Structure formats: structure tokens, C-alpha cells
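Protein chains in written order, with the numbering used here: chain X, 2 to 262; chain W, 2 to 262; chain S, 2 to 262; chain U, 2 to 262.
It is worth saying that the hints were derived from the structure and are not from the lab. Since we're looking at a predicted model, the values are computed, not measured. The beta carbon of each residue, even a glycine, is placed where N, CA and C say it ideally should be. Hints may contain errors.
[To be verified] Below are the EDC-like pairs computed for lysine to aspartate or glutamate, each with C-alpha atoms no more than 20 Å apart in a straight line:
no., chain 1, residue 1, chain 2, residue 2
1, U, LYS11, S, GLU79
2, U, LYS11, W, GLU252
3, S, LYS113, U, GLU125
[Unchecked claim] Listed next, with one range per pair, are the computed distances between beta-carbon atoms:
no., chain 1, residue 1, chain 2, residue 2, range
4, W, ARG19, U, GLU89, 55 to 65 Å
5, X, GLU13, W, ILE234, 49 to 59 Å
6, U, LYS181, W, GLN177, 36 to 46 Å
[What the hints assert, rightly or not] A partial selection of chain U residues facing chain X, derived with a Cβ cut-off under 10 Å:
no., residue
7, SER23
8, ASN24
9, GLU86
10, PHE90
11, TYR91
12, ASN138
13, LYS140
14, THR141
15, GLY228
16, PRO230
17, ILE231
18, ALA237
There are 4 protein chains.
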Amino acid sequence: MANSEYEYVKREFEFDRRLPASNWIVVRIDGCHFHRFSKIHAFEKPNDENALRLMNACATSMLEKFPDIVFAYGVSDEYSFVFREETEFYQRRESKILSLCVSYFTSLYGMKWKDFFPNKDLREPPYFDGRVVCYPNMKTIHDYLAWRQVDCHINNHYNTCFWMLVKSGKTEKEAQQTLKGTFSKDKNELLSQQFQVNYEDEPAMFRKGSSVYRDKVETKVKTDDYGNPIKRIRLAITVSNLDIIGPEFWEKHQYILQEGK
Amino acid sequence: MANSEYEYVKREFEFDRRLPASNWIVVRIDGCHFHRFSKIHAFEKPNDENALRLMNACATSMLEKFPDIVFAYGVSDEYSFVFREETEFYQRRESKILSLCVSYFTSLYGMKWKDFFPNKDLREPPYFDGRVVCYPNMKTIHDYLAWRQVDCHINNHYNTCFWMLVKSGKTEKEAQQTLKGTFSKDKNELLSQQFQVNYEDEPAMFRKGSSVYRDKVETKVKTDDYGNPIKRIRLAITVSNLDIIGPEFWEKHQYILQEGK
Amino acid sequence: MANSEYEYVKREFEFDRRLPASNWIVVRIDGCHFHRFSKIHAFEKPNDENALRLMNACATSMLEKFPDIVFAYGVSDEYSFVFREETEFYQRRESKILSLCVSYFTSLYGMKWKDFFPNKDLREPPYFDGRVVCYPNMKTIHDYLAWRQVDCHINNHYNTCFWMLVKSGKTEKEAQQTLKGTFSKDKNELLSQQFQVNYEDEPAMFRKGSSVYRDKVETKVKTDDYGNPIKRIRLAITVSNLDIIGPEFWEKHQYILQEGK
Amino acid sequence: MANSEYEYVKREFEFDRRLPASNWIVVRIDGCHFHRFSKIHAFEKPNDENALRLMNACATSMLEKFPDIVFAYGVSDEYSFVFREETEFYQRRESKILSLCVSYFTSLYGMKWKDFFPNKDLREPPYFDGRVVCYPNMKTIHDYLAWRQVDCHINNHYNTCFWMLVKSGKTEKEAQQTLKGTFSKDKNELLSQQFQVNYEDEPAMFRKGSSVYRDKVETKVKTDDYGNPIKRIRLAITVSNLDIIGPEFWEKHQYILQEGK
């Protein structure tokens, strides 16, 4: 039973699309039906700290597993992974990269669930969709990340107000009505006047999302003969909640997007 | 902080590729580094019945979740899912379909693990890659499935011999050497003469792989006034290990690929 | 001066997209800025018979040059070329097929111009854009051609009325106003009552567009010993102006889309 | 006769692929069967000056017609057109850009033929194929152009020797044999010793190919009251045969690839 008579189905119909060289490759994954998923698992609103920490832990494991991911940025049930410009990961084949990333992340999410929700069983399979996008230069990859962080701010600002209103007794419809057409300034006033909340005091993880990258960290590697610590700069995968829209972060971490150059 | 200045990164760089209409869409997923994964988890060789049943259970849940999957065929750590020709699932967007399927399958695999390996903990995250292929007509989709089943046979025939030899004391290298250049007939003789094994008596799940589909099943739906059962034909998701290369299976199950016509 | 240091620009950035097998390949070309081109060259309105015959002559030469084109359909400054389902023309590479067809057609148009417009010089370069579309089965390729012929009818019906009105003294704006919201029946009435024209008597080339294909033609190949002609069926490239929406044409010419089966 | 029932053939099967933003778009066209075409039209070997000038004239007209083409480079029967990085020409739709360019170039070639070959009729339609490639940054677009010019050198060096040998009485096979395995140095020696030709004295158009771009040219725009010429810098489309591999050309013409920045 030779297979040759059927192998044309592979040869003539399967195509491996390769992503163009010299482009940053972004894989963005996004929770599927997480509105429902977060209800079933009673996530806190507007932000469930444990759920976010779980996402961050999965992203950290992604960077440990795939060295060509140089940066990741996450907010809510979404995470973007940036592969270095010249990566040859799976010869830049789009389907491989997309499917691997989304599958490995999903698997991590399931396995780490108990670490963050020790008292809750997974009642439905969490799953994610994903897409791959190429950015040809520093400006566009910066702007991509800025786009996600601006989105994080806009959504979180709104949601913070919305859930304050709901928790204070309004219906969801009334809360929506109250916020309709408000500007950033109006939302800040509402928070401070009605709820004595300064938005800037909200946790940075909620306001800024989370960035995962290899940070230069001074580590004690051994002790010299006199008992003095000998330190070295090592790269350590780090999660931070900093602003990545302005130039400061990128000026301080130029090596992140310049690895291998 | 308006997002509009960054939104060009979506508009100008993200493209939604849609798959052409009137084509069967196949998503084939495949275990990543499952050689290693199966060693770490001590899978039986050449076939671990529990591991295969776990794959089948996940595939069954895929058909429950996604009604547009009309057929699935699995062998080893691989599964192919066939969406009906005219599906409008996520408007036939390739990235959505690929990522969703591979993610949901991965999630199921993790969640169902304990049902099939109650005494083994998952020690590493199982993950899968995937690809999407379009087939334009009945002949090519049949040939695609035949291709996978022929592959199943060729691999299983070889592996059955290989592991018999190894379990009988040969090194892996010696076993490989013994089998080099052998034809189907030679392998059958080796099995029967050296190991008193008739290959055709091996479990069908090992030899034929597993097909998952909605079968017409007569079910008792209620009892009439005289206590006689009233039966109806219902569609029930079924796993079978039949030949899908020849025409018989498809003649008996014409409705599978003709749904909605 | 070895080229190897630069050859990466080909290897890493050039991709040959192949069209999926078992699909009819359609190349549709369309005149660029032919509104202007037809004005400059004083084409008759609404149809310039010589311009259409020139298009048909080019299409005929296309079928002579490329045997894998089995059918062509043209209307106005547009022509569709249908390659047979299993063609291996340039290994089904999309860019090759598209660029070759549009370039060869353009070249023919320039070279044959004088045959159809002996007294007019080409004052500007005629040029065309094009696209490639795949159709997976008989139904969709039929429907594609029907779509083009319905479009031909709708446009020609309108244009016939429009130019009758303009030639009778109305401004273009008034003509447009008169036709706004009219149905097919209204247009026929307008033509018969105001201009004593029966639309069905208009030339078939205007109403139906032109089909080019290899027709079975009985040809005298030699004479027998008694002076009687010996005839054979030969395939001869033919231009006709028939209905290709209904089944009659295709029933009589089944071999056109079944070559090689 | 409404068209709606057939319009699905467009909606479900036609896809407009857009090229990613912030990439230089290169359209490279290449003569089809020009070996034959040049024989039929008795082109001089290894270089026909008129044929090259015709190609350059067509390229010049391309830059006149399409302002978003910022640079073109041609050699033999091949021409590359570089669109500026941010061009929105036809919304960056690949099929439009490819087909338009190759068609317009073909049309020009036919129309300008008589200007360069007044005594030769076109005996067969000249036609070209083409492809589109995207380059994401300055380095890769420079390297692309260098790749083509190195190719020009390698081919012309070989062909110069080959045709000298053939014209001196060798058969084509013998000439081929003589050149097999020779390095650049060997070819220079062969030319100088056997034919008293210094390769560097060959026309630059043959050795370097042709570049077409908008050059800054000082032009007399009017005369002042005292009869002195008033000059302005104007951009004028220019053909040159310079080295574009090294940095000099690009340093002197930085504005070419930086238009609009």
C-alpha cells in the first residue's frame, strides 16, 4: 500500500507561507468568550488580580521556552509576543508560529491555573485565538505596543468607573448611561468626587498592563576571598507595569529590540 | 489619550486572509515534540491505548463544540478536522480557525488528561502545531483522508515490528537494520514467524486510526401507551476504527460530506 | 564580485504563490482609464464595433498562444480567460500567470490596432490591469461566466438607452435623470416607443458579449478516389455571441470544460 | 435579470491582497522568451544598444506616468521599478500594481519600437512577466539593487567573452568550454590578450546597466532685467549608468529614497 498515489494532496494543496525577513513578528493571542469564562469562574470586576497574574506567569514561561521572543505585552485576556526581527524560528512559517504559540500558551494556562486559583476548579476549557502581524521597523513596532497600551488605559479607565457605579448600586444600564460621552477628565472627576478614588493610585498592573522581557539584573555570582560579593549583570525575565508609550522605557532598554545586532 | 494616532498599525499591517468558498477546510494538528512528551510520561510503545483514547475524547469534544466540523480522523499524536464545504465559521478567516482549533484541542487535552491517566501527573505542557488546507471537491477530500490512513498503516506496521524486535532483546539500531528495505509482506512474515503475531489481529484503533463523526443511531425516545419503545434516528457523535480508504464507508455515510446540500 | 552576499534578497523576500490545484483559474483583464482612451480615439458610443472586434482578435490570439486557456469571455474593455482546472502552466504560479496574460494581451492590442483602425494612430498607450481568481468546481465557474454576461446585459441595456437619448438631443445629465430607477421593461418600452428600436434586434455582440473557445468544426480534409469530400471533426478557435447563462450552450459544448478528463 | 444571484462569485472568491505598509515595493519585469525574440529581430550580441535604449525609454515613461516610482534599474530585457515606501498607489493592492506596471511597460515597448528600430517591423508581440517584492528598509532595498547590478556585471562579463570567442570563429560550444570555470581575472586576461580589449573600456551601459531617477538639475527658468539667467534646481528624470553598489551614488542622491520624509 504505497502512499504515493495520495501524496499529491500534500504537494498540490499545502502551502507554507513564510513571513518576510527583517520584520518584527507579533503573535497576539486573545481569550475566546472570556466574558463568559470570567463569569463562570467568578473573576473579580473590573480586574481580577489572580487572573492577570496567571496570564503574566504564562507569558513568562513563553519567554523561557522560546528565546526568540524578546518582548511581551499583556492586558486583560490578551497577550502580544514580539519575536526578534531576524528570527528564523520555524523558518518564519506563519502557521507553525501561530499555532505553536497559541497552543503552548493555552497549555500553560491550564497547568498553572491551580497555582493562582487553588480553590477553584476549571469548569470549562479556556481557549484563545491568535493572529500574526509583521512590523518592518522600530517605529511601527513601538507604535504597535503603544496602541495596545493606550487601549489598555481607555478600557481600564472606563471599566473602573463602570464597576464603581455598579457596585454603588446602579444597574449596568444606568452606569453605561452615566459614562456615555464622558472624557478622560470627566471620569477622573467622577472617581474622585463620587468615590474618593484617585485613578492614578489604582494598581499599575491594571492601568498600564504588563510587559515581560529580559532585564539586566545585577546578581551576586560568587564571593571573593575576602568575603565580598562578586556581581555580574545577568539577563533575567522580568514582569513590569511601566509606561511603554513614551521614549524613556525604550531608551533605558535599547538592547531589547536590538539583540543580535 | 486618543488611540487614533496608533490605530494605523492595525489598519495598515493586519490582514484577514479568508479561505476560498466551496472548499472543504481541513485543520490538521500535530503534537509538538511528542517523542519527548511520550517518553517523559512513559507512554507504551508502539501504541499507548490511553493516549489514543485521550486524543479521541478531545476530538469528540471538538465535534460537540463546533457543529461545522463534520469529520475528524486521528492517528498517533495527530488529528485532522474537516469543516463542511460551505462553513461560514468565523467568515472562513484562516488565522481564527487555525488558532481556535489548536487552542481548544490543547485545552481539552490538559483537562481530560486525568480521566485517562489518573495516576500520572502532567509533567510538561502538551502542545500542538497546526495548519489549514483547503480541498475543492469530494475526490480531493477523500484522497486527503486516505492519505492519512495509508500513512497510519505504514507507520504502525513498521512500529509494530520495530518494538517487537526491541522488546525481544534487539537494540534499536539492530531493529532498524532488520527492517531496512522490507516490504509489507516481509513485515507480516516476520511478525507471524518470529512472534506468532497476525498483524490483522492487532487492535483496529492501532491499524486504522480513529474516525469521529455524527452517526445515524436508532434511539428509544419514549414508550408508547402499550409500553412499546418508540425509536427515532438521531445523530450521535461516534468514534470508529474503520477503513476510510475504500468506497464502502463513504457509501454508507454519504450524508457526512453532504450535510446542508 | 560574487553575488552570494546579496542573494538573500531573493531567498528571504521573494515568494512564489502557487494557486491551489483542481481549481479553474480565471484571469480577468480590464482596460485602464478606457473612458479617456475611448474618447481620445473617438470610439463610437455606446459600442464601437471595431474596438470590440479588436478585443476579440486579441482574445483569439491568446487561445492560439496558450493552449491551456479553454474559454474566454469578453465585453466592452474587459476579457476573462479561463485556464483548465488541472493546468500546470508555470506551475500555477500566480504572478507569472497574471503578468504574462496581461502583457501578451496588451502587446497584441497594440500590434493589431492598425488592422481594425487603419486610419487612426494610437495616440496613447493602451493598458490593462488584471486579477486572478480560482473557482473550485463547475457550478462556480459557470456562475462566474453568467455573472459577467448578466453584467454585460445590464450595462448595455442602460447604455443603449442613454446614448439614444443623448443623440436625440438630451444632455448627459437629462439622459441619466430619465433612466434613473427604470426597470428592464421600462427601458424596452422607451426604446420601442421613443426610438422604434426593438432591443432584441441590436447586434448580439453588443447584447451578449463575445465567447472564444475551440469549437468542433467539420472540415474537408481530403477527397476520396471518387471525388467525394472526406470530412473530419477538427477543433477550431471560434468567436460567438451566444447566451452562456442558460444550460444549452454548456450542454452542447460539454467538452470545453472537460478537456483532459 | 438581477445580477445578485451570481455576485457571490466575486464576494466569496475574489480577494484583494494588499502589500504591507512601510515597505519599498519593487516590481521587476522580465522579457518572456526574449532569447527567441532577440534572434527574430536580429539584436546585436552580446548587447544591442538600440534594444537597451528602447528599454530605458520605456522606463523613463514609467517614471513620468507613475510619480510614486522613485527609482528604476534595468539590464538586458529586465527592469526593476521601486515604489516609494509609503506609496498608496492603488491602496497597495498587489494584483493592480503588478498588472498595471507590466501592461503599461509592454504597451510603451510596442509604441516606441519604431523610434529605435525604424527599419525593422515587430514580427512577434514582445511580452514580459513580472513579480512584486517588498523590502522593509533601506539596507534591503539597497542590497536588492546591488544584487541586480552584480548580476548585470557577471552576465555581461561572461557574454562579452563568449561573443568575442564566437565572432572570432569558435562554435558556441567551444566558447562555452573555454569559459568554463574561469574567474573574473581570467576573463579580463582573455579579453586583453586574445582580443586587445580592456573590459573597463566597454560602454558603461553594458557593464553597469541603467538607472532611472529624478535628478536635481540646475535649469535656467528665466532671465533677469539685466539679461542674466535665473536658475532653479528642478527634478528631471535622468538615465545614468553609474555604480549603485557602493555608497557614493546613494550619498549623493539621498533624497531619492527619502522623498516625503
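- prompt: Against chain X, is ALA237 of chain U within 10 Å by beta-carbon distance?
  reply: violated, 31 Å
field: Range agreement (Cβ of GLN177 of chain W with Cβ of LYS181 of chain U, hint 36 to 46 Å)
entry: The hint (36 to 46 Å, Cβ to Cβ) holds, given that LYS181 of chain U and GLN177 of chain W are roughly 43 Å apart.
message: Take the shortest C-beta to C-beta distance between ASN24 of chain U and chain X; is it under 10 Å?
response: holds, 6 Å
query: Does GLU79 of chain S lie within 20 Å of LYS11 of chain U when you go C-alpha to C-alpha?
result: holds, 15 Å
Hint check, PHE90 of chain U versus chain X [nearest Cβ-Cβ separation less than 10 Å]: violated, 18 Å
Hint check: 10 Å Cβ-Cβ cutoff, THR141 of chain U to chain X: holds, 6 Å
- request: Would you settle whether the hint for ILE231 of chain U is holds or violated, based on the nearest Cβ-Cβ distance to chain X being less than 10 Å?
  value: Violated - the Cβ of ILE231 of chain U stays beyond 10 Å from chain X, reaching only about 40 Å at its closest.
- prompt: Against chain X, is GLY228 of chain U within 10 Å by beta-carbon distance?
  reply: Because about 51 Å separates GLY228 of chain U from the closest Cβ in chain X, which is outside the 10 Å limit, the hint is violated.
query: CB of GLU13 of chain X to CB of ILE234 of chain W, is that within 49 to 59 Å?
result: violated, 38 Å
field: When the least beta-carbon distance from GLU86 of chain U to chain X is tested against 10 Å, hint result
entry: At 9 Å from the nearest chain X Cβ, GLU86 of chain U passes the 10 Å test, so the hint holds.
Hint check for GLU89 of chain U and ARG19 of chain W - Cβ pair distance inside 55 to 65 Å: Violated: the Cβ-Cβ distance is about 23 Å, outside 55 to 65 Å.
Closest C-beta approach of SER23 of chain U to chain X relative to 10 Å, hint status: holds, 5 Å
When each numbered hint is compared with the structure, violations occur for hints 2, 4, 5, 10, 11, 15, 16, 17 and 18.
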